[in-house]
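*Asks:* If you read the protein sequences in the order shown, they are chains A and B. One gets the working numbering by counting positions in the first sequence from 1 and adding 856 to each. One gets the working numbering by counting positions in the second sequence from 1 and adding 856 to each.
If you're looking for bench data, these hints aren't it; they were derived computationally from the structure. From the three backbone atoms N, C-alpha and C, an ideal C-beta is built for every residue, glycine too. Accuracy of the hints is not assured; some may be wrong.
[Claimed, not checked] Computed Cβ-Cβ distance ranges for the label pairs, DEER-style: (1) A:G1018 - B:P991: 49 to 59 Å; (2) A:D882 - B:V990: 46 to 56 Å; (3) B:S1058 - A:T951: 35 to 45 Å; (4) B:L1082 - A:S1034: 39 to 49 Å; (5) A:M857 - B:M857: 53 to 63 Å; (6) A:G1031 - B:M857: 20 to 30 Å; (7) A:I1043 - B:E931: 33 to 43 Å; (8) B:S1058 - A:V990: 33 to 43 Å.
[To be verified] Cβ-to-Cβ under 7 Å is the rule here; a few derived chain B residues that face chain A: (9) D863; (10) F867; (11) F868; (12) R870; (13) G1031; (14) G1050; (15) L1082; (16) R1086; (17) R1088; (18) P1089.
Number of protein chains: 2
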Amino acid sequence: MTQNIYDNPDFFARYSQLGRSVEGLDGAPEWPTLQAMLPDLHGLRVLDIGCGFGWFCRWARQAGAAKVMGLDVSERMLERARATTQDPAIRYERTDAEGLALPAAAFDLVYSSLALHYVVALERLLATLHRTLVPGGGLVFSMEHPIFTAPSAPGWVVDAEGRRTWPIDGYLKEGPRSTDWLAKGVIKQHRTIGTVLTLLLSAGFTLTHVEEWSPTDAQIAARPALAVERERPMFLLVGAQR
Amino acid sequence: MTQNIYDNPDFFARYSQLGRSVEGLDGAPEWPTLQAMLPDLHGLRVLDIGCGFGWFCRWARQAGAAKVMGLDVSERMLERARATTQDPAIRYERTDAEGLALPAAAFDLVYSSLALHYVVALERLLATLHRTLVPGGGLVFSMEHPIFTAPSAPGWVVDAEGRRTWPIDGYLKEGPRSTDWLAKGVIKQHRTIGTVLTLLLSAGFTLTHVEEWSPTDAQIAARPALAVERERPMFLLVGAQR
Chain A
857 MTQNIYDNPD
867 FFARYSQLGR
877 SVEGLDGAPE
887 WPTLQAMLPD
897 LHGLRVLDIG
907 CGFGWFCRWA
917 RQAGAAKVMG
927 LDVSERMLER
937 ARATTQDPAI
947 RYERTDAEGL
957 ALPAAAFDLV
967 YSSLALHYVV
977 ALERLLATLH
987 RTLVPGGGLV
997 FSMEHPIFTA
1007 PSAPGWVVDA
1017 EGRRTWPIDG
1027 YLKEGPRSTD
1037 WLAKGVIKQH
1047 RTIGTVLTLL
1057 LSAGFTLTHV
1067 EEWSPTDAQI
1077 AARPALAVER
1087 ERPMFLLVGA
1097 QR
Chain B
857 MTQNIYDNPD
867 FFARYSQLGR
877 SVEGLDGAPE
887 WPTLQAMLPD
897 LHGLRVLDIG
907 CGFGWFCRWA
917 RQAGAAKVMG
927 LDVSERMLER
937 ARATTQDPAI
947 RYERTDAEGL
957 ALPAAAFDLV
967 YSSLALHYVV
977 ALERLLATLH
987 RTLVPGGGLV
997 FSMEHPIFTA
1007 PSAPGWVVDA
1017 EGRRTWPIDG
1027 YLKEGPRSTD
1037 WLAKGVIKQH
1047 RTIGTVLTLL
1057 LSAGFTLTHV
1067 EEWSPTDAQI
1077 AARPALAVER
1087 ERPMFLLVGA
1097 QR
């Protein structure tokens, strides 16, 4: 079963202080790239898998979506999400990816930001998402890049020549990875890009966009610490169509 | 312009001694995976980009292809390829990827093994390949994985805990990489997976298969040195359709 680390009090307290938690979408450097992959939202029925504090759900409504449903496994995050809006066209529901049941052809767009690398039963989830999209509907998501999730000891190393590198091992050994990010023992599911894309194709999706996020020159100028993100990709961004 | 290192006498002498040069397809551990991505070749017109010694061209004829054209930049390799067959349905031609001109809708399948990471003008080549395929025709290729091509100093490192890792830097900095493989100063073009797949989509291809090659348990049992290939992917295998 997929771990619900977001309801761990220590993890939640630390996660709540991240830029992307405080500033919302503008605090996430990959957001402009992900946003550019979205269709015009006017009149669309939108589903957000792993909606967290609901930043995207509220943004989607402002961008013209007719109806937005945000799903998350974390009760703490949903509580806060619910407290930030009174818009009756936004609905939040608690569910884990494993138990997810959705009506057929009910959504025009499924969005997910940095959630799918937690999901154990990804094949089943993708089948559910394919079924709940209308024909021609879109799926746009980000997840942690397998280069980021693969290593048995993830982290930067500075070698004898002063080069900063990200040592990889276990890239082709798929399965859970336990890391200490914000709290001890956070469990992510490591899958290769090949596996993620093959699961999408097998579920019946057509691939429309595959991108490995890089900060722009302007982003690095504004925030020099981002430069290191060009040494290895942190995020995989994918667009697909039913 | 794409470098023609294969006509460098030292490189050629060393390349000629590799398992895949001596044993042909069976000497290439990724061949069974690539082979499984191919359609039934009976009656097909097949184009091989970077045909080298012509192992695949001869195999394709045995597998039923009606006509096979092998292209390569290396005169030395083509000489040897021509010397190994008298089959009039196999034709070898010298050309570089940059100058490649092919008739429209003339082939049912384009195949390429470990050649595209040398090509500078990949966008133009893919447009040419799209045009020379019939609608519904397939493109199946392998190339060096960007994790393999990215590093400024590619190689294995054993860390203080005894873990063997492949340190990455520069993954998102695309462009030429000069490495010393068989000869000094071999120039490869580093591109991310995102870029390779986006170029295919932009050229009009539909993606049908993306795989990062891993040795099987049986291959590792037969040749234990292959186990390390599970730590980081060496080859990217892609299937697409016009």
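*Asks:* Take the hints in turn and mark each one as holding or not.
*Replies:* Right, here's what the structure says about each hint:
1. Between G1018 of chain A and P991 of chain B the beta carbons are some 53 Å apart, a value that agrees with the proposed interval 49 to 59 Å.
2. Against the hinted window of 46 to 56 Å, the Cβ-Cβ separation of D882 of chain A and V990 of chain B comes to about 48 Å, which satisfies the hint.
3. As the Cβ distance of S1058 of chain B to T951 of chain A is approximately 37 Å, the hint placing it in 35 to 45 Å holds.
4. In this structure the hint that L1082 of chain B and S1034 of chain A lie 39 to 49 Å apart at CB is violated, the actual value being about 27 Å.
5. For M857 of chain A paired with M857 of chain B, a C-beta distance near 55 Å keeps the hint of 53 to 63 Å intact.
6. For G1031 of chain A and M857 of chain B, the Cβ-Cβ distance of about 44 Å falls outside the hinted range of 20 to 30 Å, so the restraint is violated.
7. Between I1043 of chain A and E931 of chain B the Cβ separation comes to about 55 Å, which falls outside the hinted range of 33 to 43 Å.
8. A C-beta distance of roughly 26 Å is found between S1058 of chain B and V990 of chain A, which places it outside the suggested range of 33 to 43 Å.
9. Taking 7 Å as the C-beta cut-off, the interface hint given for D863 of chain B is violated, the closest approach to chain A being about 33 Å.
10. Taken as an interface hint, F867 of chain B does not check out: its beta carbon lies about 27 Å from the nearest beta carbon of chain A, beyond 7 Å.
11. A cut of 7 Å between beta carbons decides the hint on F868 of chain B: the least distance to chain A is about 32 Å, and the hint is violated.
12. For the restraint placing R870 of chain B at the interface with chain A, the shortest Cβ-Cβ distance is roughly 27 Å, beyond the 7 Å limit, so the hint is violated.
13. Hint status for G1031 of chain B: violated, given a least beta-carbon distance of 12 Å to chain A, over 7 Å.
14. With a least beta-carbon distance of about 4 Å to chain A, the hint placing G1050 of chain B at the interface is held under the 7 Å criterion.
15. The closest approach between the C-beta of L1082 of chain B and any C-beta of chain A is roughly 11 Å, which is over the 7 Å cut-off, so the hint fails.
16. Nearest Cβ of chain A to the Cβ of R1086 of chain B: about 4 Å, under the 7 Å cut. The hint holds.
17. Contact between R1088 of chain B and chain A, as hinted, is supported at the beta carbon level, the nearest pair being about 5 Å apart and thus within 7 Å.
18. Below 7 Å, beta-carbon pairs count as interface contacts, and P1089 of chain B has one with chain A at about 6 Å; its hint therefore holds.
Of the numbered hints stated above, those contradicted by the structure are hints 4, 6, 7, 8, 9, 10, 11, 12, 13 and 15, listed in ascending order.
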